[in-house]
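Visitor: Since the structure of chain A is already known, use the hints to place chain B on it.
Number of protein chains: 2
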Amino acid sequence: MTPIQKVIRFIFSIFFGSIGLQCFALDGLVQKQTFEMPSYQTIGGKTIKNLKVGFETYGTLNAKGDNAIMVCHFFSGNSHAAGKYKDSDAAPGYWDSIIGPGKPYDTEKYFIIASDSLVNLGANDPSVVTTGPASINPDTGKPYAMSFPIVTIQDFVRVQKALADKLGVKKLAAVTGASMGSLQTVEWAAMFPDMVERIIPVIPGGLEAGAFLIEEAQIWANPILSDPNWNGGNYYDKADKPLKGLQQSLQVVTINSRNPGWSERTFSRNWSVAGKNPLDDWQNTFAIVEGIERASVARAKIADANHFLYLVRANQLFRVGNANSVEEGIKPIKAKALFIPASSDQLLLPEYSKRAVALLKKQGNAAEYVEIPGDGGHIDGITDIAKVGEQIKAFLNR
Amino acid sequence: MTPIQKVIRFIFSIFFGSIGLQCFALDGLVQKQTFEMPSYQTIGGKTIKNLKVGFETYGTLNAKGDNAIMVCHFFSGNSHAAGKYKDSDAAPGYWDSIIGPGKPYDTEKYFIIASDSLVNLGANDPSVVTTGPASINPDTGKPYAMSFPIVTIQDFVRVQKALADKLGVKKLAAVTGASMGSLQTVEWAAMFPDMVERIIPVIPGGLEAGAFLIEEAQIWANPILSDPNWNGGNYYDKADKPLKGLQQSLQVVTINSRNPGWSERTFSRNWSVAGKNPLDDWQNTFAIVEGIERASVARAKIADANHFLYLVRANQLFRVGNANSVEEGIKPIKAKALFIPASSDQLLLPEYSKRAVALLKKQGNAAEYVEIPGDGGHIDGITDIAKVGEQIKAFLNR
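Protein chains in written order, with this note's numbering: chain A, 222 to 619; chain B, 222 to 619.
Bound-form chain A, shown alone (with noise of 0.2 Å):
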């Protein structure tokens, strides 16, 4: 492994844990391909000229094109889900552990389609492909900055509709996704309830994000909003980039998608350095603080200040359908729901599932919840996602 390789992978365990990097079992290796759209309009009612995504594919769509499962990305991941680009990669996509031959998402069997979602937040990593305030507005040349329209999760699951469409989808097997990818999943039932057999949101938001999410999320564009390099989102000409504000972005996110256990494991009370006591100077700290802080610092390069803060804008605006209630807008939705929270995860609490869980079988839904074990946090839903994988194999057989 080259010191580069090892520094993503460091830099991955932080973010994403440890996950088996011996695991990859994709016949081949996987490509980022590109989808492009000439004109979309957003929920908003504003048009983004030129919309382009990124999309994978695992396995093969059939003749009926009814074997399709649907995979939505989290806040700060990518449609790279399952398989490697090259031998030589560090680690293979997030979710590799239940994608591939035989596995829960079984390539052999489903075509499994992942996408970048619009102002993805890797704007300026190479295997991303996206649309946002980083893009050359047609209109000017220039980068649409905070000029780019506010979009919402219902925006994302709109555009991968046109993407199944281009791929010749007919329905979906199951809609599946992490975190923010939950969002899309229980929106894809509401929007396109005819298209969806089964919707599996993991470590799920529920179906709207509540009083305390959306302050949470406002705390996570905080560090951002107050860097003076933001300068009002007009930074793409700049020498200077809001990258220290990004960096303590990062930083609460990552926090927050952890728990005790994780963190006592992986750096105790250890001090970053031996022999400097954080009681003796102010330079001295803590293995934890020095841990994610260089964490962040690699991963901001990567990332983009505005898409992150519209990311956060999307993730508060989130209720099921854009309706005036959650129980309006689960109304449509005729998919077969298996809801997956994490026990230990304190951003996205096992109760939003359990409430979601409880309305949709209220009103007649078929609606299932199992948790995946562990003391990681959040994060479990991505690290730890193939302890419940033969309950999601079994869910697709029902």
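Keep in mind that the hints were calculated from the coordinates and are not lab data.
Only a predicted model underlies this, so the values are computations on that prediction, with no experimental measurement involved.
Be careful, since some hints might not be right.
It does not matter which identical chain is used: a pair holds within one copy or between any two.
Under the rule of at most 20 Å between Cα atoms (straight-line distance), these lysine to any residue pairs were calculated in the SDA-like manner [to be verified]:
#, residue 1, residue 2
1, 267, 496
2, 267, 502
3, 363, 571
4, 267, 498
5, 267, 499
6, 462, 450
7, 267, 501
8, 462, 447
9, 608, 297
10, 387, 258
11, 497, 546
12, 575, 564
13, 462, 506
Guide: Positioned in the frame of chain A, the structure of chain B alone reads:
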């Protein structure tokens, strides 16, 4: 109620909830007094000259000096635990619901002492007396800023001990405190085991700050550290203070101290201004975002950014007895213990208390556990403490 009182009550209600303003019941009014030490040597081996902290007492010390109860305050709190300074005060002290004649901390029976901590957050609050980075260093005639010695929870307790001695206290029937006050509470039992008969840690942090809590506290501090006006802590003679960073730090504290139930009841998904949909414009926002920001702006005016950082470090450094392990740290403890977490606390989790109780029992101590029911989050330890009033009363009689 004057407009200013209304504003204070609003701010108070954001941070502490709507605690019964009508239930003031101490005989007469309370007053802040000042305790001074000409010189104090810190755990870290540094000297603080002319140390001053404020304190309040409720009730009367008996002739044997053994009916005292020490009340240690939380991160953003101070020694105003009960009563009012004047009849027109918008609200009484934060635990007025359990301190007073006939209440669990019965002022007809006990002599209750509450003191401002060192490096108290409210350095600019006229009712707080504290010594910290905002204080004048007698050797230079200028504020210490970040040259003030790093202090620990142990230091807070040693200063309280000196105060108790001065007041003639021989035995503490109990030491109690919420949140950061709970750390001081267990430290009292470890440091002065022959003086402390009972400890009642409320919304407790357990026996040490674990890695997760260390990082959470760092996330609180980060907005201050990245505010250009913080300027390495040297802002006392500057026109521009790091108010924005301090406000954002306070916002993180607030959301960490709350939970979904409270947020939903108080703000729901309302917009901050009717008709101004956050989908339409970046200037539009949600009621909870505006409400918590407004409270933090007011709150920051009486707080000090450097003091905030010193409190963060004191919390991060905490392990009971300043020992090599919690097992070693609790060895001296003789006091009976009653740990009182809040069921819905998402900051200092009930599991921290369970672990502490288990460790104390393991070494043969009498240790009990009772939860404050509710859905307000961490802050239930302040607002809803009266719910476990009977259990506190019974414990004091055991």
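Visitor: Next step is simple, just say for each hint if it's right about the structure.
Guide: Status of the hints after comparison with the structure:
1. 267 to 496: between (57 Å within a copy, 19 Å between copies)
2. 267 to 502: For residue 267 and residue 502, the Cα distance is within 20 Å only across copies (12 Å; inside one copy 53 Å).
3. 363 to 571: neither (43 Å within a copy, 52 Å between copies)
4. 267 to 498: between (55 Å within a copy, 15 Å between copies)
5. 267 to 499: Only across copies: residue 267 and residue 499 sit 14 Å apart there, 52 Å inside one copy, limit 20 Å.
6. 462 to 450: both (6 Å within a copy, 19 Å between copies)
7. 267 to 501: Answer is between; shortest inter-copy Cα gap is 10 Å, intra-copy 56 Å.
8. 462 to 447: Intra 13 Å, inter 14 Å, cutoff 20 Å: intra and inter.
9. 608 to 297: neither (22 Å within a copy, 41 Å between copies)
10. 387 to 258: Classified as within: same-chain Cα gap 10 Å, cross-chain 77 Å, threshold 20 Å.
11. 497 to 546: This pair counts as between: shortest inter-copy Cα distance 18 Å, intra-copy 54 Å.
12. 575 to 564: Classified as both; 12 Å inside a copy, 18 Å across copies.
13. 462 to 506: Cα proximity of residue 462 and residue 506: none, with 26 Å in one copy and 25 Å across.
Hints 3, 9 and 13 from the list above are not met by this structure, while the remaining hints are.
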